[in-house]
Amino acid sequence: MIETDILIIGAGPVGLFTVFEAGLIKLKCHLIDYLPIPGGQCAEIYPKKPIYDIPGFPEILAGDLVDNLMKQIEPFKPGFTLGERAETIEKTEDGKFIVTTDRGTKHIAPNIAIAGGLGCFEPRRPALENLSKFEDYGVEYIIKEPELYRDKDIVIAGGGDSALDWSIFLTDVAKSVTLVHRREKFRGALDSVEKVQKLVEEGKMNLITNAEITEISGEAKVESVTVSQKDRKVQVLNTDHFIPLFGLLPKLGPIADWGLDIEKGAIKVDTVDYSTNEPGIYAIGDVNTYQGKLKLILCGFHEGTIAVQSMYKRINPDKNLVLKYTTVNGVNGF
Amino acid sequence: MDSNTIRVKVIDREGVQHDLEAPTDMSMNLMEVCKSYDLPVAGTCGGMALCASCQVYVHSDHEIQEKSEDEEFMLDEAFNVKENSRLGCQIHMHNNLNNLEVELAPEE
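Quick mapping for you: the protein sequence lines, in order, are chains G and L. In terms of our numbering, the first sequence is residues 1 to 334. In terms of our numbering, the second sequence is residues 1 to 108.
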């Protein structure tokens, strides 16, 4: 069991900065995030986009902001549970919370800060009629174990980096790889596009452009997919696996069932300390809502800062907390 | 209505028509206009053409700014895409779009 003072759910910029503000008042933090890397949307969706409204930074790339935050919180040695989704929460007799992830990792803390942003990033599923029937029976949205595809026929759909990279990688593993993409052009990196073209020329990969999968067939598992190509006849490809890689879509996920007051997909909080209706659970950043809410990173920084003060008082009801300035005290890590 | 405001018709996913007034001097896009009227448009990525939660079907024949490469790519990967699909966040409110008519695409 991982034990900490504040368990932060979501390792985006707001969750990360909260570690800093908690550290200044000697509270330890542990973060859980479904993504395999810290940074949330900034790292996953737009690392190369400039942000212009971080105070003191006329312009900073989202990815660089995350790097800076990681450096800033280093003295406070936060723990991370990455690539796992916070699934369930239970209250202990002494008022603490146990949060368990989808992989069974357990965490215990007296305070929870939900900094989940827009939620967990889940794979985008194409609108195919019987798709769910084949999930885990030949349809996978995330490649976890490449060996699963050893000597198998596979069809990958998509035009972004993950579709290209996995198609390239799996040519060495699978019996056959067919990449199906809606257009001629690809969104992925030029280098990967060139590699795909080379593999196609060498006959190691089958590429079908201006096309999409319109049907999946099979008895107990995927046996074939139907490819509809612009201005051409539809064709049926026999395959063992169909892997649609269309990027990720955020969903609030299991947190929606934690008994918190939710309004329009966001958690309602009291702006005195960004606490939810459940004492000890706070919500900060894009995941919360209140009158006048602005979904801005800078507002999330403020919310996290206020929330940790309230958490301190919960843990130490008899102690008076005085605001300390870093200019006076510096940063004293753990 | 002043000269810096246009009318936009938005048909929601239940088929209900909403007549919106959109300012043209606030650098707003259609996704933002819909959100300001509390229409069910998520605008998940904030308007960077990195998600398709603001996809609309354009019913009127207005000349809309051409699709950027980012928008083209996003619409490639989006679902329920039709010939007249656009991302709301990439439709900037200009006076020439007065009486624009769009329909919200289904949610993914």
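Hints listed in this document are in silico derivations from the structure and should not be mistaken for laboratory results. Hints are supplied without guarantee of correctness; some may be wrong.
[What the hints assert, rightly or not] Far from chain G by the CB rule (all over 12 Å, computed), these chain L residues: (1) 16; (2) 24; (3) 44; (4) 46; (5) 50; (6) 53; (7) 58; (8) 69; (9) 70; (10) 80; (11) 101.
[As the list claims (entries may be wrong)] In silico DSSO-like links for lysine-lysine, alpha-carbon gap of 30 Å or less: (12) G:233 x G:71; (13) G:230 x G:96; (14) G:293 x L:35; (15) L:67 x G:221; (16) L:82 x G:268.
[Said to hold, decoys possible] FRET-style restraints, in silico, Cβ to Cβ: (17) L:21 x G:219: 33 to 43 Å; (18) L:69 x G:201: 44 to 54 Å; (19) G:292 x L:14: 46 to 56 Å; (20) L:96 x G:74: 28 to 38 Å; (21) G:58 x L:66: 26 to 36 Å; (22) G:189 x L:107: 45 to 55 Å; (23) G:94 x L:67: 40 to 50 Å; (24) L:69 x G:231: 22 to 32 Å.
We put the CB at the ideal spot given by N, CA and C, even for glycine.
* Asked: Going by Cβ atoms, does residue 24 (chain L) stay more than 12 Å from chain G at every point?
  -> The assertion about residue 24 (chain L) holds, with a minimum of 23 Å to chain G.
* Asked: Are all beta-carbon distances from residue 53 (chain L) to chain G longer than 12 Å?
  -> violated (8 Å)
* Pair hint residue 67 (chain L) and residue 221 (chain G), alpha-carbon separation not exceeding 30 Å -> violated (40 Å)
* Lying within 26 to 36 Å: is that true of the beta-carbon distance residue 58 (chain G) to residue 66 (chain L)? -> holds (31 Å)
* Asked: Is it true that residue 21 (chain L) and residue 219 (chain G) lie within 33 to 43 Å of each other by Cβ?
  -> Between residue 21 (chain L) and residue 219 (chain G), where Cβ atoms are some 56 Å apart, the hint is violated.
* Would you assess whether residue 101 (chain L), listed as outside the interface, keeps its beta-carbon beyond 12 Å of every beta-carbon in chain G? => Label holds. Min Cβ-Cβ 24 Å, cutoff 12 Å.
* To do: Verify that the Cβ of residue 80 (chain L) lies farther than 12 Å from every Cβ atom of chain G, and report whether the claim holds or is violated.
  => Contrary to the label, residue 80 (chain L) does not stay out of reach of chain G, its closest Cβ about 6 Å off (not over 12 Å).
* Reported absence of residue 50 (chain L) from the contact zone with chain G (all CB gaps over 12 Å) -> violated (5 Å)
* Keeping to a limit of 30 Å between CA atoms, is the pair of residue 233 (chain G) and residue 71 (chain G) held or broken? -> violated (56 Å)
* **Hint check for residue 74 (chain G) and residue 96 (chain L) - Cβ pair distance inside 28 to 38 Å** => At 52 Å between Cβs, range violated.
* To do: Hint says 44 to 54 Å; check whether the CB-CB distance for residue 69 (chain L) and residue 201 (chain G) agrees.
  => Taking Cβ atoms as reference, residue 69 (chain L) and residue 201 (chain G) lie about 25 Å apart, which means the hint is violated.
* Taken at face value, is the distance from the CA of residue 35 (chain L) to the CA of residue 293 (chain G) at most 30 Å? -> holds (14 Å)
Of the numbered hints listed earlier, those contradicted by the structure are 3, 4, 5, 6, 8, 9, 10, 12, 13, 15, 16, 17, 18, 19, 20, 22 and 23.
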